[in-house]
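Asker: Spelled out, the chains give:
There are 4 protein chains.
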Amino acid sequence: MSHSSAFGIIGGDQRQIYLARSIAADGYPVWVSCLEKGKGTEGLPAAGLKELTEKCSVVILPLPVTRNGKTLNAPFSEEEILLDDSFASLFLGKAVYGGMMEKLYGTSEVWGSVASYDYYSREELMVGNAFLTAEGAIGMAIREYEGALNSSRCLVTGFGRIGKALCLMLKGLGAQTDCCARNAADLTAIRALGCGALRYRELGGDYNVVFNTVPAQVLTAKALARQRPNTLFLELASHPGGIDLEAARRLKLRVLDAPSLPGRMSPKAAGELIKETIYHMIEEV
Amino acid sequence: MSHSSAFGIIGGDQRQIYLARSIAADGYPVWVSCLEKGKGTEGLPAAGLKELTEKCSVVILPLPVTRNGKTLNAPFSEEEILLDDSFASLFLGKAVYGGMMEKLYGTSEVWGSVASYDYYSREELMVGNAFLTAEGAIGMAIREYEGALNSSRCLVTGFGRIGKALCLMLKGLGAQTDCCARNAADLTAIRALGCGALRYRELGGDYNVVFNTVPAQVLTAKALARQRPNTLFLELASHPGGIDLEAARRLKLRVLDAPSLPGRMSPKAAGELIKETIYHMIEEV
Amino acid sequence: MSHSSAFGIIGGDQRQIYLARSIAADGYPVWVSCLEKGKGTEGLPAAGLKELTEKCSVVILPLPVTRNGKTLNAPFSEEEILLDDSFASLFLGKAVYGGMMEKLYGTSEVWGSVASYDYYSREELMVGNAFLTAEGAIGMAIREYEGALNSSRCLVTGFGRIGKALCLMLKGLGAQTDCCARNAADLTAIRALGCGALRYRELGGDYNVVFNTVPAQVLTAKALARQRPNTLFLELASHPGGIDLEAARRLKLRVLDAPSLPGRMSPKAAGELIKETIYHMIEEV
Amino acid sequence: MSHSSAFGIIGGDQRQIYLARSIAADGYPVWVSCLEKGKGTEGLPAAGLKELTEKCSVVILPLPVTRNGKTLNAPFSEEEILLDDSFASLFLGKAVYGGMMEKLYGTSEVWGSVASYDYYSREELMVGNAFLTAEGAIGMAIREYEGALNSSRCLVTGFGRIGKALCLMLKGLGAQTDCCARNAADLTAIRALGCGALRYRELGGDYNVVFNTVPAQVLTAKALARQRPNTLFLELASHPGGIDLEAARRLKLRVLDAPSLPGRMSPKAAGELIKETIYHMIEEV
Numbered sequence: 117m118s119h120s121s122a123f124g125i126i127g128g129d130q131r132q133i134y135l136a137r138s139i140a141a142d143g144y145p146v147w148v149s150c151l152e153k154g155k156g157t158e159g160l161p162a163a164g165l166k167e168l169t170e171k172c173s174v175v176i177l178p179l180p181v182t183r184n185g186k187t188l189n190a191p192f193s194e195e196e197i198l199l200d201d202s203f204a205s206l207f208l209g210k211a212v213y214g215g216m217m218e219k220l221y222g223t224s225e226v227w228g229s230v231a232s233y234d235y236y237s238r239e240e241l242m243v244g245n246a247f248l249t250a251e252g253a254i255g256m257a258i259r260e261y262e263g264a265l266n267s268s269r270c271l272v273t274g275f276g277r278i279g280k281a282l283c284l285m286l287k288g289l290g291a292q293t294d295c296c297a298r299n300a301a302d303l304t305a306i307r308a309l310g311c312g313a314l315r316y317r318e319l320g321g322d323y324n325v326v327f328n329t330v331p332a333q334v335l336t337a338k339a340l341a342r343q344r345p346n347t348l349f350l351e352l353a354s355h356p357g358g359i360d361l362e363a364a365r366r367l368k369l370r371v372l373d374a375p376s377l378p379g380r381m382s383p384k385a386a387g388e389l390i391k392e393t394i395y396h397m398i399e400e401v
Numbered sequence: 117m118s119h120s121s122a123f124g125i126i127g128g129d130q131r132q133i134y135l136a137r138s139i140a141a142d143g144y145p146v147w148v149s150c151l152e153k154g155k156g157t158e159g160l161p162a163a164g165l166k167e168l169t170e171k172c173s174v175v176i177l178p179l180p181v182t183r184n185g186k187t188l189n190a191p192f193s194e195e196e197i198l199l200d201d202s203f204a205s206l207f208l209g210k211a212v213y214g215g216m217m218e219k220l221y222g223t224s225e226v227w228g229s230v231a232s233y234d235y236y237s238r239e240e241l242m243v244g245n246a247f248l249t250a251e252g253a254i255g256m257a258i259r260e261y262e263g264a265l266n267s268s269r270c271l272v273t274g275f276g277r278i279g280k281a282l283c284l285m286l287k288g289l290g291a292q293t294d295c296c297a298r299n300a301a302d303l304t305a306i307r308a309l310g311c312g313a314l315r316y317r318e319l320g321g322d323y324n325v326v327f328n329t330v331p332a333q334v335l336t337a338k339a340l341a342r343q344r345p346n347t348l349f350l351e352l353a354s355h356p357g358g359i360d361l362e363a364a365r366r367l368k369l370r371v372l373d374a375p376s377l378p379g380r381m382s383p384k385a386a387g388e389l390i391k392e393t394i395y396h397m398i399e400e401v
Numbered sequence: 117m118s119h120s121s122a123f124g125i126i127g128g129d130q131r132q133i134y135l136a137r138s139i140a141a142d143g144y145p146v147w148v149s150c151l152e153k154g155k156g157t158e159g160l161p162a163a164g165l166k167e168l169t170e171k172c173s174v175v176i177l178p179l180p181v182t183r184n185g186k187t188l189n190a191p192f193s194e195e196e197i198l199l200d201d202s203f204a205s206l207f208l209g210k211a212v213y214g215g216m217m218e219k220l221y222g223t224s225e226v227w228g229s230v231a232s233y234d235y236y237s238r239e240e241l242m243v244g245n246a247f248l249t250a251e252g253a254i255g256m257a258i259r260e261y262e263g264a265l266n267s268s269r270c271l272v273t274g275f276g277r278i279g280k281a282l283c284l285m286l287k288g289l290g291a292q293t294d295c296c297a298r299n300a301a302d303l304t305a306i307r308a309l310g311c312g313a314l315r316y317r318e319l320g321g322d323y324n325v326v327f328n329t330v331p332a333q334v335l336t337a338k339a340l341a342r343q344r345p346n347t348l349f350l351e352l353a354s355h356p357g358g359i360d361l362e363a364a365r366r367l368k369l370r371v372l373d374a375p376s377l378p379g380r381m382s383p384k385a386a387g388e389l390i391k392e393t394i395y396h397m398i399e400e401v
Numbered sequence: 117m118s119h120s121s122a123f124g125i126i127g128g129d130q131r132q133i134y135l136a137r138s139i140a141a142d143g144y145p146v147w148v149s150c151l152e153k154g155k156g157t158e159g160l161p162a163a164g165l166k167e168l169t170e171k172c173s174v175v176i177l178p179l180p181v182t183r184n185g186k187t188l189n190a191p192f193s194e195e196e197i198l199l200d201d202s203f204a205s206l207f208l209g210k211a212v213y214g215g216m217m218e219k220l221y222g223t224s225e226v227w228g229s230v231a232s233y234d235y236y237s238r239e240e241l242m243v244g245n246a247f248l249t250a251e252g253a254i255g256m257a258i259r260e261y262e263g264a265l266n267s268s269r270c271l272v273t274g275f276g277r278i279g280k281a282l283c284l285m286l287k288g289l290g291a292q293t294d295c296c297a298r299n300a301a302d303l304t305a306i307r308a309l310g311c312g313a314l315r316y317r318e319l320g321g322d323y324n325v326v327f328n329t330v331p332a333q334v335l336t337a338k339a340l341a342r343q344r345p346n347t348l349f350l351e352l353a354s355h356p357g358g359i360d361l362e363a364a365r366r367l368k369l370r371v372l373d374a375p376s377l378p379g380r381m382s383p384k385a386a387g388e389l390i391k392e393t394i395y396h397m398i399e400e401v
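Chains as they are written, first to last, in the numbering used here: chain H, 117 to 401; chain Z, 117 to 401; chain F, 117 to 401; chain C, 117 to 401.
Certain hints may be false.
[Claimed, not checked] Just a few of them, taken from the derived set where beta-carbon distance is under 8 Å, the chain F residues facing chain H:
| # | residue |
| --- | --- |
| 1 | S237 |
| 2 | E239 |
| 3 | E240 |
| 4 | V243 |
| 5 | G244 |
| 6 | F247 |
| 7 | A300 |
| 8 | A301 |
| 9 | A305 |
| 10 | A308 |
| 11 | H396 |
Calculated directly from the structure, the hints in this document are not laboratory data.
Just so it is clear, CB atoms sit at the ideal spot from N, CA and C, and this is done for glycine as well.
Just need the whole structure built from these sequences, with the hints factored in.
Answerer: Structure representation (structure tokens):
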């Protein structure tokens, strides 16, 4: 990676600020934009979009680039950045890295002529985020559950990246951990990790804390009815999640919604993970 | 343990309320006093001190029984309870269990004639509290450290009960964990747990999070100077602790004071642990 | 799975005997053939091939079905079983389950008309075998290495199913474990497990025990030259393996060839794993 | 530790040879005696007892120094070494380190005038040996049990140093591990490690592998009768051990006697552990 290349970071949340600082710490020239109101930007030269894109050969957009498909995701920006042809045109001839780019591409045909890459689709980012999510969820559970995870009975629904990370970490904290999964290979792996392996139809009750990682309703009214009144539920899956919230409300069960934990609980680690991922992508170009 | 015996719980914090609820759930008659302002006492019959001591053969005092040596430790009580001869006399002929009883004994000679026991001196309580403390500290670190424990470098100073629990749990979360100890057997055990073993004089820098468990200054100005500006320090030891706070302030290091974590982070588990301990003591009488 | 169906087990090693016993213990009728010289067949009715295929609707062939492509893999059989049209014809109308069936299909066109399934290609079998292989390798290493794994420095090359299982188990035994892998996502996962993550070009020396799981030469003469004279190497990958044996010989390094560990070290667990897998396949038919 | 001091190693098994090599590798002059028939002594200058004691200021005797109280424990010696006054007199003015010295002291009054130390009584040696014993036992179990430890149900009786190490390592291998102990604090700690905690009276059946670490009969006929016919038992405790062998024979249970595992399974690690311990003792003198 040539040391001459300058990086421009535009918009995003605390993760992008740690990302920018970490790239600067690696010795690269860094310019930032649309982060005016953020903390921790001291020493990072700010620039307008036009100036930044003139100065930088590599531009990093936030994760997600946009939430509404119309404006840039830039909570720390003093003004709203409209996503249109003139915005897109700024990036012609640049290498642009962003997270969840689909919506952006819909905002201007100019993007068809820009060399752009989606770091959110990279496996190393997903794996790293899974462990950050699991750790963040455990931090929330320790904080919010009036009992302790150690020596308690925990349930994880789903054995994808996040489910795996949760099984390992909960066991590592001394919790008796069960995990629900659908396919036979996952059940074998769950048992091999020293956890209890269950099919969803076998899901029993009496858990202290339940972590859902499945974005489809696996914790049905029937399954919820088997739990204790003081069981704590954490919803880690993206909308609509796996917990029947209506039934949970009826049963007076406590459900914590816990989306995007990496950015909220470990912005520094999440930002450095994005940096590592972009470095890999640049090396591979 | 005869099912006829009634338990009286007097004063204390949230732990005592969970303790009372848990004893009631075991099927014993329970009366509470000096917990008026506490949450979660629904269904627990309240009584004045005199009434309670008449009704109950076993009385449980808080942990600690008193902070100032003059009044009962009863943050949820509407009035202050003076520790004097008339208070002590209430307990003649009862079995009284409390935490850190020394100060109480100084308040009245009557205590010399009361069958009283200190549950805080019990090894099972100390072991259980050590794991609750370690888990609470990890919950705080996950919350407060902007990075992640997983894949980070953590240092634990001291290999007593809390240090041991921290080493196991941090390793279980995927943190590279070093531990400082004085004696050779501890260093051997630390290595055997898969952690890095250091003598204090070998203590290097470059840690992300540091957990002190030693109540004597082991993290001196010299040791602190070796750490990163953004290293997070947790002080788990009782006053004066092991961190040179003056030097930490000078070096602008972030130190979190984290006393009595079991009661603050896991009152339910802490209360149930006290219950189990008292049950054991009763069986042994 | 209808309880009427009878199972016929033909040939194979100790695993097939445990498999047969385990199916019988589940309450199914079982017949065995070509296992005369095996231990542990007491109570399992033996039959000739013709009789067995008449009696059983489900037939289980060994893993691998054949080594030489000409005769059945049946080390415990008193006579050699030729794989030809007449052998294949015995199975018309049966459900046949075997391991590594390709070579068998080449022995007769009749197999085209037989309902046959390869249990070796099932993910749950591969996952289960990976953990059995890792455990067997660790048992060998403990036995053969004059030092101890605990507190030692271990290297695992490759982060596939077996590499993952080895990393988890070695860490669980208190070994400082490094793992070499190629892609970025694996390196992230290795670090997240609390192990040291290395690219092959970063591979250093000074390991006590090295476990190779890669079937391509990753432990080159250059990499081997960096190790200690008394480092122990275990070759777990199938031919040609990942260790430059010529260079190892020159350097007088100790290399243990450790193929097919599940069958040799844990035949009972391996047989039960095959049974579970076949049960799943039958349920799915 | 002055680099001039020469070490003399007399008798013992493979551990003492590794001990001698390791001291030599640290750069100290080393002389060996009574190890003629041992392997791995190349490059270690041999000497008669008289010559060795003249040359060396520090002498290391084996562990145990003697088995029969009459002759030196020296399986690799060409001749038997009688323990008498003339033997003892060789060591006047030397610093003598040995393991289990009591019996030696009974062989001559001269020992009263010799500066001698017992390394076997040192806590760091006992802790280190406990982990070596646990690892060796696991190696034996993997080798001898036809199933697998991973995903199996294991029982450890006793929660002393060896029991603790076994609980940690078995859990680390993915075994569901229960541990039996007497006192409440141990039961709390066992649960906190994520293992099942049982009092001896609660000891149930259905274990795959049982490790006894208690030198008093805890696995009585009644307890043994509850286990499976194919449960494997390992006796790790010194005579008389904790397993009712008579009942085990009657029940046709398989019991492996597994004494002194560190010396048999990890002589190099055991020898280096003795070396470290002696270094500590010398520093402390």
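Asker: It remains to establish, for every hint, whether it holds in the given structure.
Answerer: Hints, verified against the model:
With 8 Å as the threshold, the beta carbon of S237/F stays out of range of chain H, its nearest partner Cβ sitting at about 12 Å, so the hint is violated. At its closest, the beta carbon of E239/F sits 4 Å from a beta carbon of chain H; the interface hint therefore holds under the 8 Å criterion. Below 8 Å, beta-carbon pairs count as interface contacts, and E240/F has one with chain H at about 4 Å; its hint therefore holds. Using the Cβ-Cβ criterion of 8 Å, the hint placing V243/F at the interface with chain H is satisfied: the shortest such distance is roughly 5 Å.
Interface hint status for G244/F: upheld, as the beta-carbon distance to the closest one in chain H is roughly 5 Å, under 8 Å. Restraint check, F247/F versus chain H: the minimum CB separation of about 4 Å is within 8 Å; hint holds. For A300/F, the interface hint holds, since its Cβ comes within 8 Å of a Cβ in chain H; the closest pair sits about 4 Å apart. A distance limit of 8 Å between C-beta atoms decides the matter here; for A301/F the minimum to chain H is near 4 Å, and the interface restraint holds.
For A305/F, the shortest C-beta to C-beta distance to chain H is roughly 5 Å, which falls under 8 Å, so the interface hint holds. At a threshold of 8 Å, the smallest CB-CB gap from A308/F to chain H is about 4 Å, leaving the interface hint in force. About 5 Å separates the beta-carbon of H396/F from the nearest beta-carbon of chain H, less than 8 Å, and the hint is met.
Hint 1 alone, counting from the list given before, is not met by this structure.
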